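Engineer: Here is how the chains run, residue by residue.
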Amino acid sequence: MTKNRIIIALAGNANVGKSVIFNHLTGMHQHIGNWPGKTVERAEGTLHFKGHTIDVVDLPGIYSLSTFSIEEVISREYIAIENPNLVINVVDASVLERNLFFTLQLVELETPMIVALNQMDIAKEKGIKIDHKKLEKILGVPVIPTVAPTQVGIYKLLQTSVDIIEKGNATPLKIQYGEEVEEKIRELSRLVERLKLPYPARWVAIKLLEGDEQIEDKIRQLDPKILSASKKLAKEIERIHGHSCSTVMTSERYEIAGCIAREVQQIVPPVKLPKREKLHALTTHKVLGYPIMAAVILSVFFSIFSFGDYTSGFLSDLFYGFEPIFQDIGIIGELLWGGVAEGLIAGITIALPYLLPFYLVLYFLEDSGYLSRIAFLMDNLMHKIGLHGKAFIPMMLGFGCNVPACLGCRIMETDRERLIAIFVVTLVPCAATTVIILGLVGAFVGVQWALLLYVVDLLIIFALGRIAFKALPGEPTGLIMEMHDYKVPHGATVVKQTWFRLEEFIKMAFPLIIAGSFVIKLAEVLGLLEPIADVLSPVTVGWLGLPAITGITLIFGVLRKELTLIMLATLLGTSNFAAVQGFGPVQMIVFTLVAMLYIPCISTIGALVKELGWKKAYLITVFEIAFAIIVGGIAYRLLLLANIW
Amino acid sequence: MTHLKDGESGVIISTNTLPSHHFGSHRHHRWGFQKRLEDMGLTPGTKVTVVKSAPFHGPIELQVRGSRLAIGRGMADRILVSVER
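The listed protein sequences derive, respectively, from chains E and S.
Here our numbering is used: the first residue of the first sequence is 2, the next is one more, and so on.
Here our numbering is used: the first residue of the second sequence is 2, the next is one more, and so on.
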């Protein structure tokens, strides 16, 4: 590290305005990637301030530095091992006690830090007055009041950061537990000190007493005697208090946080209920909450689909205008157009018109706080498939596109829930599947049959989710979630999050779509499609009762599902499917059912690999193909039996 | 805690009231869930107020330590509170 290069990390609870501060600090110089080997997002940016080059790392929003979630482990390893020059702890002034609990843990990690006392405006509205000077004195670290959206205090935050880095921290608060606990901490610290760990000895002693598994594992390898000593000491504390040692220490830490909060804040509740409180009561209302949610979701979907449909059509007309240029240059032109260009167009006409507004609305709702209310309302339903309320959000995303939905499953806390959620999400009919359902069954068989297919799909999702939940080892976790006060979303932050998500999608999906369409085009040019259709005919014709030609279209569907329909029209030479011999309502329904279930498209497979690794991605893919074929065959026979047409 | 009515308050006695076989034998999970509840501020001795519960056995909205928490019914079942009436 050069002399002028400084690393600052932003840490704090979720939804305290951390990313808004991050955006103000770093402007356009941002980079969002993943933590090495993890599916947790890592946002980094650079700024220049008074001759310093400052790298800012935005750590994930967390409530504690224990090891419950990957985010917590990443944050504490980063702070303890990578040793940033300074940690800016962003604190929500309107929920001071809870936020200080986290601050105290940072203090215990003995990292140089300052506190950004953010959301002062919301605190004021709630009638909370905070004496930040007093807080500064108690904590022993600088405390800067800020209102992130209007940039209040941001300059001072930077100035103070640089000062602290140059001159060193003042003496931060030393957190004192009860004497009987302190005694044990001292005894353990003396033992730990000799090990020369990258963490402060006192912190390791505290974590050992708390029974932190990760630290225990490390100590076990180095000196198992220390571990047995700590277990003995923890037992003693447990005997004195009648609670586990971990409970005692967390309680005491919260007590200290509470004392400090009471010391520095004065609360005069406003006479009139603030608007955001009224909005909260309304949107989580036992009866009214549900119709409001339904109205919000339906209007979101309706506007996105109408916008997407219009823009998508407009863009493809525009791009297909270039086709004649390629037609003049023979087979290479055909490969370039059919393989490369069409793949690219497919990506653009799907990604931009549907995903862009989808992400915008989603982040808008998330930033405002409404998504956590939806999670609250839907928790019960999601529990039936072993998930909790938060999983409803990626599922909603899945109706737009399965790719961001898979990535969105990162909000689930444990690996097990992430797996179930991702599996369920890949069965949700995405925008492309909707095109097939409405364009084939809806248009040629009847809208009621299209709706029935949706119902069948939802039932399948429910049933398979429940089976996965029962079959997978491990325990389901419940919902624990803070419901933050509603706030006006910060426009620039929402736009930036949207852009980064879109970029992530483009980088992952585009190469796959293009490579995939190239391979299929090549197969077509080499005349391999017909033989492939013949090979598949026992399944397509024999079991599913479909025309042999559908084998080819289903292969194309791997690229993008709505291609099954477009290819069908191309190969049949007509888009009036009703006129085609041997392709009646039964075949249309079976075909749509199979297309709906049979495979996550190639981009979704890419997302699965990224999130779960090759093996699980492969298993899910193979399972869904087999499942679709089985269900399709059964449906075919049932429909024949019903003899409706 | 699931016995509290809307608007009622209580003081947490313990956050691990179900018999251990309920959680299986995996220590990490038990430790993890209890720790999670405590990290969110639901420690013994803390005063909690039930604001409302969602219908059909849905989650419960709590007021605790000046913040608003949503907590699933299964988790809430594990929290033993004493009620001051």
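Don't read these hints as lab results, they were simulated from the structure.
Just so we're clear, the structure is a prediction, and the values are computed from it rather than from any experiment.
Possibly wrong hints are sitting among the right ones.
Here are the simulated DSS-like pairs of lysine-lysine, each with C-alpha atoms no more than 25 Å apart in a straight line [what the hints assert, rightly or not]: (1) K276(E) to K138(E); (2) K48(S) to K130(E); (3) K134(E) to K168(E); (4) K273(E) to K287(E); (5) K138(E) to K157(E); (6) K127(E) to K53(S); (7) K236(E) to K226(E); (8) K130(E) to K6(S); (9) K226(E) to K125(E); (10) K287(E) to K53(S); (11) K53(S) to K385(E); (12) K127(E) to K232(E); (13) K125(E) to K279(E); (14) K53(S) to K276(E); (15) K488(E) to K6(S); (16) K488(E) to K471(E); (17) K130(E) to K233(E); (18) K197(E) to K157(E); (19) K125(E) to K135(E); (20) K6(S) to K279(E); (21) K125(E) to K138(E); (22) K53(S) to K273(E); (23) K135(E) to K168(E); (24) K6(S) to K48(S); (25) K197(E) to K53(S); (26) K6(S) to K287(E); (27) K385(E) to K273(E); (28) K232(E) to K48(S); (29) K197(E) to K135(E); (30) K135(E) to K157(E); (31) K233(E) to K219(E); (32) K226(E) to K51(E); (33) K157(E) to K134(E); (34) K522(E) to K279(E); (35) K273(E) to K130(E); (36) K6(S) to K53(S).
Residues from chain E that face chain S, not an exhaustive set, calculated with beta carbons under 7 Å [said to hold, decoys possible]: (37) K287; (38) D380; (39) M484.
Glycine included, every Cβ here is placed at the ideal spot set by N, Cα and C.
Engineer: Next, verify each hint and record whether it holds.
Structural biologist: So, going through the hints one by one against the coordinates:
{"no.": "1", "hint": "K276(E) to K138(E)", "verdict": "34 Å, violated"}
{"no.": "2", "hint": "K48(S) to K130(E)", "verdict": "22 Å, holds"}
{"no.": "3", "hint": "K134(E) to K168(E)", "verdict": "20 Å, holds"}
{"no.": "4", "hint": "K273(E) to K287(E)", "verdict": "23 Å, holds"}
{"no.": "5", "hint": "K138(E) to K157(E)", "verdict": "18 Å, holds"}
{"no.": "6", "hint": "K127(E) to K53(S)", "verdict": "20 Å, holds"}
{"no.": "7", "hint": "K236(E) to K226(E)", "verdict": "16 Å, holds"}
{"no.": "8", "hint": "K130(E) to K6(S)", "verdict": "32 Å, violated"}
{"no.": "9", "hint": "K226(E) to K125(E)", "verdict": "52 Å, violated"}
{"no.": "10", "hint": "K287(E) to K53(S)", "verdict": "9 Å, holds"}
{"no.": "11", "hint": "K53(S) to K385(E)", "verdict": "21 Å, holds"}
{"no.": "12", "hint": "K127(E) to K232(E)", "verdict": "44 Å, violated"}
{"no.": "13", "hint": "K125(E) to K279(E)", "verdict": "17 Å, holds"}
{"no.": "14", "hint": "K53(S) to K276(E)", "verdict": "19 Å, holds"}
{"no.": "15", "hint": "K488(E) to K6(S)", "verdict": "29 Å, violated"}
{"no.": "16", "hint": "K488(E) to K471(E)", "verdict": "39 Å, violated"}
{"no.": "17", "hint": "K130(E) to K233(E)", "verdict": "44 Å, violated"}
{"no.": "18", "hint": "K197(E) to K157(E)", "verdict": "37 Å, violated"}
{"no.": "19", "hint": "K125(E) to K135(E)", "verdict": "17 Å, holds"}
{"no.": "20", "hint": "K6(S) to K279(E)", "verdict": "21 Å, holds"}
{"no.": "21", "hint": "K125(E) to K138(E)", "verdict": "22 Å, holds"}
{"no.": "22", "hint": "K53(S) to K273(E)", "verdict": "21 Å, holds"}
{"no.": "23", "hint": "K135(E) to K168(E)", "verdict": "22 Å, holds"}
{"no.": "24", "hint": "K6(S) to K48(S)", "verdict": "15 Å, holds"}
{"no.": "25", "hint": "K197(E) to K53(S)", "verdict": "50 Å, violated"}
{"no.": "26", "hint": "K6(S) to K287(E)", "verdict": "14 Å, holds"}
{"no.": "27", "hint": "K385(E) to K273(E)", "verdict": "40 Å, violated"}
{"no.": "28", "hint": "K232(E) to K48(S)", "verdict": "30 Å, violated"}
{"no.": "29", "hint": "K197(E) to K135(E)", "verdict": "36 Å, violated"}
{"no.": "30", "hint": "K135(E) to K157(E)", "verdict": "18 Å, holds"}
{"no.": "31", "hint": "K233(E) to K219(E)", "verdict": "18 Å, holds"}
{"no.": "32", "hint": "K226(E) to K51(E)", "verdict": "50 Å, violated"}
{"no.": "33", "hint": "K157(E) to K134(E)", "verdict": "15 Å, holds"}
{"no.": "34", "hint": "K522(E) to K279(E)", "verdict": "58 Å, violated"}
{"no.": "35", "hint": "K273(E) to K130(E)", "verdict": "17 Å, holds"}
{"no.": "36", "hint": "K6(S) to K53(S)", "verdict": "8 Å, holds"}
{"no.": "37", "hint": "K287", "verdict": "5 Å, holds"}
{"no.": "38", "hint": "D380", "verdict": "4 Å, holds"}
{"no.": "39", "hint": "M484", "verdict": "5 Å, holds"}
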